[in-house]
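Colleague: Per the UniProt record's numbering: the sequence shown ends with 224, consecutive numbering throughout.
Treat the hints with care, as some may be off.
[Stated by the list, open to error] Straight-line alpha carbon distances no greater than 25 Å define the calculated SDA-like cross-link-like pairs of lysine to any residue that follow:
| # | residue 1 | residue 2 |
| --- | --- | --- |
| 1 | K157 | G217 |
| 2 | K101 | K147 |
| 3 | K157 | Y190 |
| 4 | K140 | V193 |
| 5 | K140 | K201 |
| 6 | K101 | S79 |
| 7 | K101 | K141 |
| 8 | K140 | H177 |
| 9 | K101 | A196 |
| 10 | K157 | E203 |
| 11 | K157 | Q189 |
| 12 | K140 | W180 |
| 13 | K147 | V137 |
| 14 | K147 | E187 |
| 15 | K101 | P131 |
| 16 | K201 | R161 |
| 17 | K157 | K101 |
| 18 | K141 | L164 |
| 19 | K101 | V137 |
Rather than coming from a laboratory, the hints here were simulated on the basis of the structure. All values derive from a computational prediction rather than experimental measurement.
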Amino acid sequence: MTALLVVDDEAQFLRALQINLTAHGFDVVTAATGSAALQAAARHRIDAVVLDLGLPDMDGLEVIRGLRGWTDVPIIVLSARHGSDDKVEALDRGADDYVTKPFGLPELLARLRAAVRRGHPGAEAPVVRTPDFTIDVAAKKVQRDGKPVRLTPTEWKLLERLVLNAGALVGQTQLLHDVWGPAYGTETQYLRVYIAQLRRKLEPDPASPRYILTEPGMGYRFEA
């Protein structure tokens, strides 16, 4: 059973989320403060964290920093903060995705499934099939219309990072670190160039992408 740590200071909301997630097969541990969240993460085996930013004892960003000091467990931020600056900062601190309140439970469940897949990459080597192309992650192969699509090593690394997080937002800084290295953390023009190249090779209409989506100012998302 997938173990979740859910952190929110609103007792009624936290209880409702615990009931709903448990009903969908998750083993849920809850915390109402940042310090309790860090303690729970240290005591329990956790597969993913759902984290509110507005906590009474510390900002949720500090919780992310605390977790990232010793674990790479997927973190989904759940917050009423709608500003893009808050989203960018959470992603840059190490969050894997950001869901804005109010939200639909099906959306959160989809984001959780994607986060857990990222957290357990060895559990399966996905083969992603769409109406337009197929991606075999283990074999590092892409086919379109039955023919191989030739990708450069950089294009493949970028596509693989997005596919392994299918459905989840991957921040610009994280992508730059993973594909080009920490020294390139602000070189967002690299992403624009290579995302455009991937769209030309995979999208039926690169000008109106349906698979490789842009979240302006934040990052990119792969939707199968």
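Colleague: Taking the hints in turn, state whether each one holds.
Modeller: Here is how each hint holds up against the structure:
| no. | hint | in the structure |
| --- | --- | --- |
| 1 | K157 x G217 | 21 Å, holds |
| 2 | K101 x K147 | 43 Å, violated |
| 3 | K157 x Y190 | 13 Å, holds |
| 4 | K140 x V193 | 21 Å, holds |
| 5 | K140 x K201 | 15 Å, holds |
| 6 | K101 x S79 | 6 Å, holds |
| 7 | K101 x K141 | 38 Å, violated |
| 8 | K140 x H177 | 21 Å, holds |
| 9 | K101 x A196 | 31 Å, violated |
| 10 | K157 x E203 | 18 Å, holds |
| 11 | K157 x Q189 | 17 Å, holds |
| 12 | K140 x W180 | 19 Å, holds |
| 13 | K147 x V137 | 16 Å, holds |
| 14 | K147 x E187 | 33 Å, violated |
| 15 | K101 x P131 | 32 Å, violated |
| 16 | K201 x R161 | 17 Å, holds |
| 17 | K157 x K101 | 32 Å, violated |
| 18 | K141 x L164 | 14 Å, holds |
| 19 | K101 x V137 | 33 Å, violated |
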